[in-house]
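*Asks:* With chain D fixed as given, assemble chain R onto it according to the hints.
Number of protein chains: 2
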Amino acid sequence: MKSSLKRYIIGKPLRSDALGEQKLSKTKALAILSSDALSSVAYGPEQILIVLMTVSTVAFWYSLPIAAGVVVLLTALIFSYRQVIYAYPHGGGAYVVSRENLGVNAGLVAGGSLLVDYILTVAVSVSAGTDAITSAFPSLHPYNVVIAVFFVICLTILNLRGVTESASILAYPVYLFVIVMLMLIGVGIYNVVTGQVPAELHPKVGTPVAGISLFILLKAFASGSSALTGVEAISNAIPNFRDPAPKNASKTLLAMGGILAVLFIGIVSLAYFYGVAPNAKETVVSQIAEASVGRNIFYYIVQGTTAMILVLAANTGYSAFPLLAVNLSKDGFIPRIFQIRGDRLGYSNGIMMLGLGAIVLIFLFGGTTEHLIPLYAVGVFIPFTLAQVGMMRKWWREKPKGWLAKFMVNTVGAIISFIVAMMFFVTKLPQVWPVFIFLPIIIWTFHRIKQHYKTVGEQLRLDNVELPNVEGNIFIVPVAGITKVVENTLHYAQTLNVDKIIAFYVAFDQAEAKAFEEKWKAWQPDIRLVTYYSPYRSITQPLMKFIDKVEHQCTKSGYQLTVIIPQFLPKKGWHHMLHNQSSLLIRASLLFHKNIVIMTVPFHLLK
Amino acid sequence: MKSSLKRYIIGKPLRSDALGEQKLSKTKALAILSSDALSSVAYGPEQILIVLMTVSTVAFWYSLPIAAGVVVLLTALIFSYRQVIYAYPHGGGAYVVSRENLGVNAGLVAGGSLLVDYILTVAVSVSAGTDAITSAFPSLHPYNVVIAVFFVICLTILNLRGVTESASILAYPVYLFVIVMLMLIGVGIYNVVTGQVPAELHPKVGTPVAGISLFILLKAFASGSSALTGVEAISNAIPNFRDPAPKNASKTLLAMGGILAVLFIGIVSLAYFYGVAPNAKETVVSQIAEASVGRNIFYYIVQGTTAMILVLAANTGYSAFPLLAVNLSKDGFIPRIFQIRGDRLGYSNGIMMLGLGAIVLIFLFGGTTEHLIPLYAVGVFIPFTLAQVGMMRKWWREKPKGWLAKFMVNTVGAIISFIVAMMFFVTKLPQVWPVFIFLPIIIWTFHRIKQHYKTVGEQLRLDNVELPNVEGNIFIVPVAGITKVVENTLHYAQTLNVDKIIAFYVAFDQAEAKAFEEKWKAWQPDIRLVTYYSPYRSITQPLMKFIDKVEHQCTKSGYQLTVIIPQFLPKKGWHHMLHNQSSLLIRASLLFHKNIVIMTVPFHLLK
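Sequence order for the protein chains is D and R.
So the first sequence is numbered by the working numbering: it starts at 27 and just counts up by one.
So the second sequence is numbered by the working numbering: it starts at 27 and just counts up by one.
What the hints contain is simulated information worked out from the structure, not anything from laboratory work.
Heads up, some of the hints might be wrong.
Some chain R residues flagged as far from chain D (calculated, every beta-carbon gap over 12 Å) [what the hints assert, rightly or not]:
id, residue
1, Val171
2, Thr220
3, Gln222
4, Pro224
Simulated pairs of lysine-lysine, BS3-like, Cα-Cα distance not exceeding 27 Å [as the list claims (entries may be wrong)]:
id, chain 1, residue 1, chain 2, residue 2
5, D, Lys597, R, Lys575
6, D, Lys582, R, Lys633
7, D, Lys38, R, Lys620
8, R, Lys620, D, Lys633
9, D, Lys356, R, Lys510
10, D, Lys633, R, Lys571
11, R, Lys575, D, Lys38
12, R, Lys545, D, Lys480
13, D, Lys633, R, Lys356
14, D, Lys480, R, Lys598
15, R, Lys571, D, Lys32
16, D, Lys510, R, Lys476
17, D, Lys598, R, Lys356
18, R, Lys633, D, Lys480
19, R, Lys526, R, Lys571
20, D, Lys540, R, Lys356
21, R, Lys38, D, Lys575
22, D, Lys571, R, Lys598
23, R, Lys480, D, Lys545
24, R, Lys582, D, Lys633
25, R, Lys476, D, Lys633
26, D, Lys510, R, Lys480
27, R, Lys597, D, Lys620
28, R, Lys597, D, Lys575
29, D, Lys480, R, Lys510
30, D, Lys575, R, Lys633
Cβ coordinates follow ideal geometry from the N, Cα and C atoms, glycine included.
Bound-form chain D, shown alone (with noise of 0.2 Å):
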């Protein structure tokens, strides 16, 4: 555990006092918190075309209100969420919200959806990227499982040593991915106004188009507002930002929203005036860029951070996972291994669990998660809806100064997130139904994990009850020969004040046993030697039996039994497989199974 190589890895221990150093400034929050929200620039604008390509090229026109309409969402989730961190400035976001205002399962629902969902955007996010790459260089398409892997891997360590180091790394790409689409925007938008694109590229706005429905059109809009995953993040880790918190976190996620509703307008203006259809071999953003500036170096870096972001996005999981598991765990609904800070202070076991989950999705599915994409997204949009509804729920109960704004912002957030959430059930429930099973399991999970904490602590409390008295001790020692291992162990036991040692031999055959008898008489004549013999060649089945019998009558008389083990360490850890392992078998075998305490005498050897 503290060999050179962890070290060199993660690093060396911080103090637990140097934990306000690890806090994140405005800047560095922006870059680690929003790239899962940023990203779906990449994706979002495309979805929404590829379903209204189902009706006709005509109806790509609509995409332009449709984006209003997921801008429009995301500014009430915005707002909305600006709420929450100056309500609840210790962050936990969905989770605590829904939890006290609407009850503990309401907060299960979404503590669940949410620690899932983490999982499930590092899996995606980081498959997409690799996808992205691996289109660029075709010859690496084979090893797609194991570049996504080694990213995960990659995104594990870093988080692993501390969250600000990760943020100096991961700012620069998030920061160039922006400036890149907002050049790239600006280059599109002054081709349009200076009329070098041709008018007959786009169908006009308002232009009939045959087949339309409102279904089509909500399913658009549900495809689209996928892109608004990651929103949740910031008000989940509150805590990382530096004083004051919810000030500074508010700040960053007003500047993430504006900033994805620019980028998000962008692209789907500059798809829909370029006339770019989606296709399996060319993604929007790609062909927007191949068009207004063609396949030279910018294309390349368009394409670069593109896919770089998509790899980050996968850190927004890294950040949001592990503090919503601290909130779980401190509320005991899952194990508490989840509150130890690691030696650089962040959560490690809930960053190892989430690089862990992620892998094994990856390998699952071999590194093509797309289609895990709505079943990400509804489950967000289910702790949205729960979280905005518990807001509500507080400014009607508590009732503050100027409560009826504050009451509206998170009703039509409510609203907005409830009916997006049912748009994907209705529109995409082929791909969102295993939410019905796995979030039932889960949620039943946590009430059982809190119900064993529960009894757990009843019992460990101290209570009136005497412990019963002792009246005497009895030890057993069982022994495999006679050797100095053994007469080590006779001389400690003899030193406690024990009314009776018993020695315990296992025989493979008769004569032997009897050998032993007489060689053991002449070595040690005031300890009483019990020899089993053991037909089945088993030496834990006899030992066990004789305890049974010897507990039973110590039960009956008030005394209490030890089992006193003699144990050899070799100097070397390969020797350990040159010697039959028996004593740590029988350790074990007696301290799941029986009440009676056991003892290692240990003999190292020197040499």
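*Replies:* Coordinates of chain R only, in the frame set by chain D:
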């Protein structure tokens, strides 16, 4: 370990005194121990023709004298090994014979070669059998590795169930193969004798061949004698025979030699008369069967039994490897676990080790292990030679009645084996060079293990050095809180006659340390509490530091230090995941690094 699954797969345990019942009758032994040797009929003749074809198909007539040479070699080996059986009725074959007559290192060369060789046997035979099956059903070809591993697992389980049970299942295919081969040879010879085979198919014996050289002929002979691998199996496995074991083993050996000679000569002759030339797509046996009887049902029976015997040839390794391992282990050259009889009285660790080794080889070579054959053949002829030389030495030294005849038999065996081994080194060096690397490493390891057992034995032996007097006992109790578990532990510690009990607590911040100290004073005023503050959030490190300190003082004043660990045990297995396992970590690092007694006081939760 004692799960019902294990019972179902392996069968119920057998009593040690049931050992006699597991012994082999001659007919079963012939099946179980000769499948390796007999299966080589399926590839031995082909190996000869492949070498001759490098000159010209006219050279094929040389296959007849070469086959005769192989049969001479076989006869020499059979009679040599017959003498080994009588001289060493407890088995051990080449290893025991070489060690006793030529010294430890000669024995280890023989034993090491054979040990590795049996693993190669299993991997090579099973892969070849799988190839035969997937050649018949090409759609199975992508699953070659999976099928081969499946066969190895089946063989391992059969052998873990016990030696006679596996023989019962394995006897039928071996006898079926022998009968089918005899029928094939019978039909073929009948056709030849009745003149149904055109004479122009085969070159006349004695036809001069341009370009033939002694080197080619020797290479062909060496290749053909790879059919003799497996001949030593019976001499290794004498203890598996029913009494009188040596006599039964000797008869079985003669029977095997006779059958092998007939089949080998028969197949070579038919190949010659039908003018069969080896080709990559169809085996020689398959071509002979097709030429003699056509592609009818009998043809498929020939192919099927051939495939089966190849898989079963692996079983010879399962009989011989564990027994050789026992011999090496008894002499202290390999770990002692190989001497333990499993539930079904087989040496189960040897069986599992062999299966595992073969599976690793199959995975490493992707199921195409054919080019391991020369390596495997040379690994057989080295111990052959050593065993025969050892026998020569024995007769020379002991000079029993009629020793000269016996000496001559073994001398002939030794010379021929040596020549064959040398021919492999000369003609197939590119495939057999790993012997020169692995054999020295293996022998060095054998000596290291032996040396370790020796030094351990010396250190464990009782001597007259008095153990130091213990002035008193000090207990350290690491506590994680004020709970029933701790109360229970302290209660126990107080029943032993201890001079001092010190509770030890690790706090993660200063305020917490103070608060805990006060609570403790109120609860256990008589037991001293020591609190350390851990800035790096480690529990083990501060505990170790404290133990070091106390241990230092104890050593000075002759006190014995014991660490007594309170441990609560949840009722169900999955509950363990929900609790930090610090006490297990603490115990492990104490046991391996410190010379102090460790006690675990369990507190079993009831729900």
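*Asks:* When the structure is checked against the list of hints, which entries are broken? Sort them ascending.
*Replies:* Violated: none.
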